[in-house]
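There are 2 protein chains.
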Amino acid sequence: MRATVYHAPGDVRVENVPDPVIKNPTDAIVRITHACICGSDLWFYRGLDNWKPGWRTGHEWMGIVEEVGSEVRNLKKGDRVLAPFAFSDGTCEFCSKGLQTSCFEGGFWGGQNDGGQAEAVRAPFADGTLVAIPQEVEGDEKLLKAILPLTDVMSTGHHAAVSAGVQKGKTAAVVGDGAVGLCGVLAAKRLGAERIIILGRHEKRLAIARQFGATDVVTSRDEQAVQEVIEMTKGGAESVLECVGTESSMDTAIKITRPGGAVGFVGVPHGRGSINLSRMFMSNIALHGGVAPARAYIPELLKDTVAGKLDSSAVLDVTVDLNGVPSGYAAMDNREAIKVMVQP
Amino acid sequence: MRATVYHAPGDVRVENVPDPVIKNPTDAIVRITHACICGSDLWFYRGLDNWKPGWRTGHEWMGIVEEVGSEVRNLKKGDRVLAPFAFSDGTCEFCSKGLQTSCFEGGFWGGQNDGGQAEAVRAPFADGTLVAIPQEVEGDEKLLKAILPLTDVMSTGHHAAVSAGVQKGKTAAVVGDGAVGLCGVLAAKRLGAERIIILGRHEKRLAIARQFGATDVVTSRDEQAVQEVIEMTKGGAESVLECVGTESSMDTAIKITRPGGAVGFVGVPHGRGSINLSRMFMSNIALHGGVAPARAYIPELLKDTVAGKLDSSAVLDVTVDLNGVPSGYAAMDNREAIKVMVQP
Numbered sequence: 001m002r003a004t005v006y007h008a009p010g011d012v013r014v015e016n017v018p019d020p021v022i023k024n025p026t027d028a029i030v031r032i033t034h035a036c037i038c039g040s041d042l043w044f045y046r047g048l049d050n051w052k053p054g055w056r057t058g059h060e061w062m063g064i065v066e067e068v069g070s071e072v073r074n075l076k077k078g079d080r081v082l083a084p085f086a087f088s089d090g091t092c093e094f095c096s097k098g099l100q101t102s103c104f105e106g107g108f109w110g111g112q113n114d115g116g117q118a119e120a121v122r123a124p125f126a127d128g129t130l131v132a133i134p135q136e137v138e139g140d141e142k143l144l145k146a147i148l149p150l151t152d153v154m155s156t157g158h159h160a161a162v163s164a165g166v167q168k169g170k171t172a173a174v175v176g177d178g179a180v181g182l183c184g185v186l187a188a189k190r191l192g193a194e195r196i197i198i199l200g201r202h203e204k205r206l207a208i209a210r211q212f213g214a215t216d217v218v219t220s221r222d223e224q225a226v227q228e229v230i231e232m233t234k235g236g237a238e239s240v241l242e243c244v245g246t247e248s249s250m251d252t253a254i255k256i257t258r259p260g261g262a263v264g265f266v267g268v269p270h271g272r273g274s275i276n277l278s279r280m281f282m283s284n285i286a287l288h289g290g291v292a293p294a295r296a297y298i299p300e301l302l303k304d305t306v307a308g309k310l311d312s313s314a315v316l317d318v319t320v321d322l323n324g325v326p327s328g329y330a331a332m333d334n335r336e337a338i339k340v341m342v343q344p
Numbered sequence: 001m002r003a004t005v006y007h008a009p010g011d012v013r014v015e016n017v018p019d020p021v022i023k024n025p026t027d028a029i030v031r032i033t034h035a036c037i038c039g040s041d042l043w044f045y046r047g048l049d050n051w052k053p054g055w056r057t058g059h060e061w062m063g064i065v066e067e068v069g070s071e072v073r074n075l076k077k078g079d080r081v082l083a084p085f086a087f088s089d090g091t092c093e094f095c096s097k098g099l100q101t102s103c104f105e106g107g108f109w110g111g112q113n114d115g116g117q118a119e120a121v122r123a124p125f126a127d128g129t130l131v132a133i134p135q136e137v138e139g140d141e142k143l144l145k146a147i148l149p150l151t152d153v154m155s156t157g158h159h160a161a162v163s164a165g166v167q168k169g170k171t172a173a174v175v176g177d178g179a180v181g182l183c184g185v186l187a188a189k190r191l192g193a194e195r196i197i198i199l200g201r202h203e204k205r206l207a208i209a210r211q212f213g214a215t216d217v218v219t220s221r222d223e224q225a226v227q228e229v230i231e232m233t234k235g236g237a238e239s240v241l242e243c244v245g246t247e248s249s250m251d252t253a254i255k256i257t258r259p260g261g262a263v264g265f266v267g268v269p270h271g272r273g274s275i276n277l278s279r280m281f282m283s284n285i286a287l288h289g290g291v292a293p294a295r296a297y298i299p300e301l302l303k304d305t306v307a308g309k310l311d312s313s314a315v316l317d318v319t320v321d322l323n324g325v326p327s328g329y330a331a332m333d334n335r336e337a338i339k340v341m342v343q344p
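Note that the protein sequences, when read in sequence, are chains A and B. Taking full-length UniProt numbering, the leading residue of the first sequence gets 1, the next gets one more, and so forth. Taking full-length UniProt numbering, the leading residue of the second sequence gets 1, the next gets one more, and so forth.
Okay, chain A solo, but in the shape it has when bound (with noise of 0.2 Å):
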């Protein structure tokens, strides 16, 4: 089959590789109908993270399911399914809790394991990881469409909301308007904030963000865009939605949060970062969130998409076939496109 490998930075390239086959007996076999890029795919991409010559790329991906393992229980061949961006063994403490991300046994897609930017992938723990999309929806792109970012950038965006405490009737206000970030302000607005403010500078963007439920948007930069935030809630957002990662915008998460409010934090960070502990003390500003456990979320966003009442694919504003995926790569690195969809 046909996969994506990460040579070097800058340097990704669709190649023959081995067909995926099952080798432990609760593997899957799925071949990919749909997948994306991540805005985190940028920072291999970009030579910021270690990776290594070889390593397969894409961790958001949906399919049908080709072959399961004899002891695969849930799933059949023909199954289109959905895989949140880390695996787990559905068993462990951590599955139990809901909190996917720290299973004892799980990983992540794409790197040593299979990727989702290639034809197909061997799906470790398919029971304990992979989510079956009804039947009905087959043959609906538009609502395909709407589903593909559960795996990743909705659930994150939701993880993010959920850890700021994000309250119905009250203020939230989401730093970054990646596709992180506009999920984030859908998953506000789910959530019943009634005022969603967003920290952005790219007017496409935020044109979606309006769309997702912003009700107020901040385009000037740092201590700037805090001032006007605070002049605009009287003293700050009772939740904050950190969707970057860097120390410049965990800052102002931290001091556009109300005092007693919490950063819902999934930007992702690299290494240490020196914050505001100050002010966090002085304010009781809790720091809440970390990698979303996108298989906890999942069931519950399926259902609002599946019913008509969640849509955040606007995310995806270019479409590329596998051999696609290099460009598609260069399109985000240049702030082209805000997020890509891969169609093998």
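By construction, these hints were calculated from the structure, which means they are not laboratory data. Remember, predicted model here, so these are calculated numbers, not experimental data. It is possible that part of the hints are untrue.
Computed beta-carbon distance windows for the label pairs [said to hold, decoys possible]:
| hint | chain 1 | residue 1 | chain 2 | residue 2 | range |
| --- | --- | --- | --- | --- | --- |
| 1 | A | 221 | B | 104 | 41 to 49 Å |
| 2 | A | 132 | B | 215 | 39 to 47 Å |
| 3 | A | 319 | B | 272 | 27 to 35 Å |
| 4 | B | 132 | A | 248 | 41 to 49 Å |
| 5 | B | 104 | A | 169 | 19 to 27 Å |
| 6 | A | 230 | B | 25 | 41 to 49 Å |
| 7 | B | 335 | A | 221 | 42 to 50 Å |
DSS-like cross-link-like pairs, simulated, lysine-lysine; straight-line CA separation at most 27 Å [said to hold, decoys possible]:
| hint | chain 1 | residue 1 | chain 2 | residue 2 |
| --- | --- | --- | --- | --- |
| 8 | B | 168 | A | 97 |
| 9 | B | 77 | A | 97 |
| 10 | A | 97 | B | 170 |
| 11 | B | 142 | B | 77 |
| 12 | A | 255 | B | 255 |
| 13 | A | 255 | B | 97 |
| 14 | B | 234 | A | 97 |
| 15 | B | 170 | B | 189 |
| 16 | B | 168 | B | 97 |
| 17 | A | 76 | A | 303 |
| 18 | A | 76 | A | 168 |
| 19 | B | 97 | A | 170 |
| 20 | A | 189 | B | 97 |
Heads up, the beta-carbon is just placed ideally off N, CA and C, and yes, glycines get one too.
Use these hints to put chain B onto chain A, whose structure you have.
The following block gives chain B in isolation, referenced to the frame of chain A:
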């Protein structure tokens, strides 16, 4: 009257100062019967805070009301009252939420306000701030000594436990064996933690920790301590109480927290801090806490204390009179005392 006044690092003096008088109709004048020296007082005593000569000291106190302003409704001359370490108007958004430390009109005792290491204080917002103590305790010195720590250290230990999400039957770890850490052990016990691990190195303090409910003691440092707690708990404690406030203690706290768990931090940080955001992110470890809203906790903790169910007075291991305050500071600075009680 006489009051303790800061002059320079290592130099606090008991001096004659003007008697306090009612300035605002919501004030009360309170004659101090009991006060404490706090571990956080050592910051200015050691020259680590930007204190100015002439500032008053002492934020933990209890006393008898001598006079009230015309708008004070809930207190009268002769009432015994306990003061949380921060005063607050009792009516604003944050006071209503139980986050009185963020009161728009509030402040802390000492500095440019009156301090508790004195014969008397002017207490602003007496109704919003002071808690009346039942008449029945009068004359019971043992009980009064058990009530006194609610002004700060016991409420702060409780805040650490609440912020760390201590749950019945689960494991809590407490970083630090100072007075706050010891109160954190007692708070975790009170909230039902089954296993309570304390990390500390002072035998006398650890003996109190055991008396307060610690089931395990870890006396090693840094990475060794982390390894021991991870092994004992097979992956970390659900709740970790950070009761020191240094970068190293916060590092330890984050490393010994179980995925999905929380660090409740009450150790006073100074400025920014470099923290292990990557571990927090990958394991969804939350950071909660800050300056304790003691005013919100005192009624509940006072009830248990008066009922004989809560007694942290063992942390008050040295008692001095007002003239003894400077030697009390020296004893805490030299670690000869855990915490000093002052009886003016």
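Hint by hint, work out which the structure violates, then give me just those numbers in ascending order.
-> 1, 3, 6, 9 and 18
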